[in-house]
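Residue numbers (the numbering used here), protein chains in the order written: chain A, 1 to 326; chain B, 1001 to 1089; chain C, 2001 to 2497; chain D, 3001 to 3124.
These aren't lab readings, by the way, just hints derived from the structure by calculation.
A few of these clues could be false.
Stated by the list, open to error - Lysine-lysine pairs mimicking BS3-like chemistry, simulated, CA-CA at most 30 Å apart:
(1) A:Lys245 / D:Lys3120
(2) D:Lys3120 / A:Lys72
(3) C:Lys2110 / A:Lys253
(4) A:Lys5 / B:Lys1072
(5) C:Lys2110 / C:Lys2459
(6) C:Lys2368 / A:Lys39
(7) C:Lys2110 / C:Lys2304
(8) A:Lys53 / D:Lys3120
(9) A:Lys12 / C:Lys2462
(10) C:Lys2368 / D:Lys3120
(11) A:Lys121 / C:Lys2198
(12) D:Lys3121 / C:Lys2304
(13) D:Lys3120 / B:Lys1072
(14) C:Lys2304 / C:Lys2368
Claimed, not checked - Label-pair ranges, simulated between beta-carbon atoms:
(15) C:Ile2303 / A:Lys323: 45 to 51 Å
(16) A:Leu164 / C:Ala2409: 53 to 59 Å
(17) C:Gln2483 / A:Gly116: 35 to 41 Å
(18) A:Phe18 / C:Asp2460: 18 to 24 Å
Since this is a predicted model, take the numbers as computed values, not measurements.
Cβ atoms here follow ideal geometry from the backbone N, Cα and C, with glycine treated the same way.
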Amino acid sequence: MSKKKSAEEYHKTFAFHFFRWLSGGKDPYLGNVEMRPQKEYEADPEMLLRQEKEHDAILDKVYDTKHNALLKLFHSLYEITSILFCLFLMALLLVTISYLPATGAADKPVNNEVAGRYIEKGLEETGAVNIVAGMILDYRAFDTLGESHVLFVATITVLILLRLDKNKKGEVNPLTKEMNPNDRIYEPKNDAILQLVATFLVPIIIIFGIYIILNGHLGPGGGFSGGAVIGAGLILYLNAFGFQKTERFFTEKTYKWICFFSLSFYCLAKSYSFYTGANHLHSIIPNGTPGAILSGGLILPLNIAVGLVVACTMYAFYAMFRKGGF
Amino acid sequence: MTAFQMILMGLLIICAISVSFSRNLLNSVLIYMSFSLVMSLLWICLESPDLAITEAAVGAGITSVLFFVTLKKIHAINVAEKTEEKKDE
Amino acid sequence: MDFVCNFPFFSILLSLFSGTICSILPGRAAKVVNRIVIAAVGVMSGILLVYLLGTGESFVYWMGHFPAPWGNEIRAGVLEAGMALFFCIIMYLSMAGGAHKLFDEVEESKHNLYYILINLLLSSLLALVYTNDMFTAYVFVEINTISACGLIMIRQVGRTIEAAVRYMIMSLLGSGLLLFGLCIMYDLTGHLLMSNIKESVSVLIQTGEYQIPLIVSVALMCVGLCIKSALFPFHAWLPDAYGYSTVSSAAILSSLVSKGYIFLLIKIIYRVIGFDIFNNTRIIDVLFVFGLMGMIFGSLSAIKENDIRRMIAFSSVAQIGYIYMGFGMGTQAGMVASIFHILSHAATKSLLFIAAIGLTEVSGGSRKFIDLTGAGYRNKWAGVAFTAGSLSMVGVPLFSGFISKLLFAQAAVQVEGKMLAALIVLGISTVLNAIYFMKTVIRIYAVTGDTSYPCITFKDMKVHAVVLVLFVIVNILLGVSSQPVVNMIEQGLAMFA
Amino acid sequence: MGPNLLVNYGEAVAAILFCIGFTNLLLQTNLIKKIIGLNIMDSAIYLFLAEKGYIAGRAAPIVTNGVTSVEAYINPIPSGLVLTGIVVSVSVSALMLSLTIRLYLRYHTLNLDEIAAQLKKEGR
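Using the sequences plus the hints, can you model the full thing?
In structure tokens form, the structure reads like this:
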């Protein structure tokens, strides 16, 4: 049962005061404190000038890092303590190492049943001839998934730092002025020797990179090293022929989509394998005959995905560093 | 093989120390590049060809290239040459 | 296995995958995806927590087709699920509370990149919470570090970039030491999974083999994580990083990122080394001393500051000192107090950052105390919320800070040699806290004749006000219903063993 | 001192390199050199790990002629861990270099102390 209050009565209640205070109305404390308006302050222009000068002089004096005796003392103290700390760390590590099991021996704690199973059953369980590839992409795939995302997040931070964006209104953002993109010295010049060498070398380098990626489960190599080689080939091409040529087939859009598809494929494929593994379901992906190119279950497609991401990322790093965009 | 490994490790330490004391930034990056190369040789000796390939492609390749671009951006490579080129424009 | 057991795996993969998806979306859509993901992960963690409280035992989840020592694993218990739920709540509120500020400080074309960073940060935090494998922990620590660096420098003014460089240098020193410790541990035990390492370590302790390398490896890992979570002598990067980044970033960094590392340290103590073995080393004494020093010096630096955001940042140094002091006591009670303080500090610090931005908004964007005079009248919601946060930090009953201080004091009484030092420093630190927080509260409620700044009412800041109220409610809930939370923490710690 | 210092010379070299890198990271004033020091530090840890996996007289872990016995190959785990680690160190150095570029463009110096002094002087 609510009783209707008159407006006058309502104005006396706490609720009214509280809501008035909340909505920015009259403040209950404002009226109770005596407030006298101050006399208008008139600054003497000369004095202001002098004050400003003094202020600057004080700042110069205070932040004069080169002639500050205390700061120098602090610096030398810091140097001495860090050298001492590093020497201490070195001694500690050397002593530790002297107690560790001997290198090269076969009967160490490291060579236990874990490594044994990777070597003995690896071929059968993962289908990869290269045991390391089988290990990082099948047995310990979660680490590798994290690793490829480390690369992804590093690219994102580099994009944040170095990408030059135009606003919608066409304003040039302040970074552009800092970056000074008109520097023609950063643009590659038409060097005949470099171009000739690049014409021969770039295809070979890229084919070698592709070989490393596709052969990742059969021999040394894999997505990451192959991708880096391809990236190096692309960078050489860019250096020889300039941005205009590369932009014909490789822009930021291509980069974005390649990265997206490869990483999504990686995530989804691994999710499938994790999910089936954990719930003890049978995975439909065959391992194939060991030694054949189409073997090793998911390892080959994953290597290709990682290779694509790495190649694009390396090229993207270079392009970002050079001119802040593709 | 052991002697070869020891020589390589000696080279590693020499490279690491000379990086710290070299005055020129370009020199220190070049020394770091050779450090990576020696490292990849060492990994061949330690029977890890995967690592050797990756280190050669990444440490001696991509990372050094990125270092060079950075040096160029911060005008640490040959200031004189740069000013000449500006005149040409 | 019940379907619920998939939830930890789903939440990690969902947040990783949403990072990839955000890279092709425009900023606004990325924001929606980000919110949905955080909420979904929070709901899943909540369901998982209820399920675990029902069954009463933890479970292990294979990441792949291979069992324990061969494949990766994640593991979920009450403490892990509770932490994940809490992290999601705080992250969601921080993102919502700082959203309106993001548009002023970050270029519009880079908004989706910001959400990618948040998603990946969430996934790395979840992975650090759930992981059962040391090397996975290292990889996700790196993701956490890099995305935190991105959060610091997304507001691209000189100061934040300098702070980001300092942060990266310190963090990378920390990761280097962590990785070195991990390698030595791997060499001694031959395992990377936490449960297997623990078995091998207890065998090593019994046989008395490799004592020195074992202690050195534990010490290296501890120092690495201490550097990364800004324990007292390593806190030089912190004030700039928290003080100048965008407000959501500051709230998330102070309340979640450093707590992720601390939680990993707790996991290492319990699941890798073993609590009793860890307490028999001298390492806990070092942690205790540095924790005490952090409590005092952090507060002293905060008193000297005249910038509100930097003051709150310095107060973080002091609070992290509290947490390490709890570790240093070497008892179960100390550990429970530390974990409760992780929760209470996370809830309070993000509240303070979000409220501080409301106060600075009505002071012409200035963060100096002199301009903040009377800001509590101009923006009432933020003023009240800031006061509530300050009271919680000082340790007034009804708020969460009181309970954590009470737990610390109770834990200190049980420890023989450290009781006096802990209680004295706790008292001094509380007084110092009161000095600088009450100074600020009095300042924002001082009367000023200056009416040049605008007033803000509820209509202008609906989301912000709701977020502030929710934060205060979380805080008071932690403070009022502390016993269930403490019971849950104890149950979770029992599951760790 | 334990018995194995001379046998473990590879790890000893790794420890020395780690400390050289650590010192560089702490003491060099130039950012570029700090980054190089960081890379040296990381490589040292990877060298340490790779030495752990090495077993004298055994071949690289790539199955040849269908031989799958433990006696034939070295331990594959450290190689896998180092592969992951190298990716991490590349990403980190790319990030650090881009931060360096931005700092230089803003302050025209690579010395962190000078930058800090400049910042304080500007009072922002």
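Evaluation of the provided hints:
1. For the suggested pair Lys245 of chain A and Lys3120 of chain D, the alpha carbons sit about 46 Å apart, so the restraint of at most 30 Å is broken.
2. At most 30 Å may separate the alpha-carbon atoms for a hinted pair to count; Lys3120 of chain D and Lys72 of chain A meet this at roughly 18 Å.
3. At roughly 15 Å between alpha-carbon atoms, Lys2110 of chain C and Lys253 of chain A fall within 30 Å of each other, so this suggested pair holds.
4. Proposed proximity of Lys5 of chain A and Lys1072 of chain B is contradicted: the alpha carbons are some 79 Å apart, above 30 Å.
5. Distance check on the hinted pair: Lys2110 of chain C and Lys2459 of chain C sit about 29 Å apart at the alpha-carbon level, within 30 Å; holds.
6. With a C-alpha separation of about 24 Å, the suggested pairing of Lys2368 of chain C with Lys39 of chain A holds against the 30 Å cut-off.
7. For the hint linking Lys2110 of chain C to Lys2304 of chain C, the alpha-carbon distance of about 36 Å lies beyond 30 Å, and the restraint is violated.
8. For the suggested pair Lys53 of chain A and Lys3120 of chain D, the alpha carbons sit about 18 Å apart, so the restraint of at most 30 Å is met.
9. Distance check on the hinted pair: Lys12 of chain A and Lys2462 of chain C sit about 28 Å apart at the alpha-carbon level, within 30 Å; holds.
10. Taking the CA atoms of Lys2368 of chain C and Lys3120 of chain D, the gap is about 15 Å. The hint holds against a cut of 30 Å.
11. Restraint check: the Cα-Cα separation between Lys121 of chain A and Lys2198 of chain C comes to about 26 Å, which is no more than 30 Å; the hinted pair holds.
12. Restraint check for Lys3121 of chain D and Lys2304 of chain C: satisfied, since their Cα atoms lie roughly 18 Å apart, inside the 30 Å limit.
13. With a CA separation close to 29 Å, the supplied pair Lys3120 of chain D and Lys1072 of chain B stays within the 30 Å bound.
14. Proximity of Lys2304 of chain C to Lys2368 of chain C is assessed by CA-CA distance (about 12 Å); at most 30 Å being required, the pair is judged to hold.
15. The given range of 45 to 51 Å is respected by Ile2303 of chain C and Lys323 of chain A, whose C-beta atoms sit roughly 48 Å from each other.
16. In this structure the supplied range 53 to 59 Å holds for Leu164 of chain A paired with Ala2409 of chain C, their Cβ-Cβ distance being about 56 Å.
17. For Gln2483 of chain C and Gly116 of chain A, the hinted distance range of 35 to 41 Å is not satisfied, since their beta carbons lie about 50 Å from each other.
18. Against the hinted window of 18 to 24 Å, the Cβ-Cβ separation of Phe18 of chain A and Asp2460 of chain C comes to about 19 Å, which satisfies the hint.
Hint compliance for this structure: hints 1, 4, 7 and 17 are broken, all remaining hints hold.
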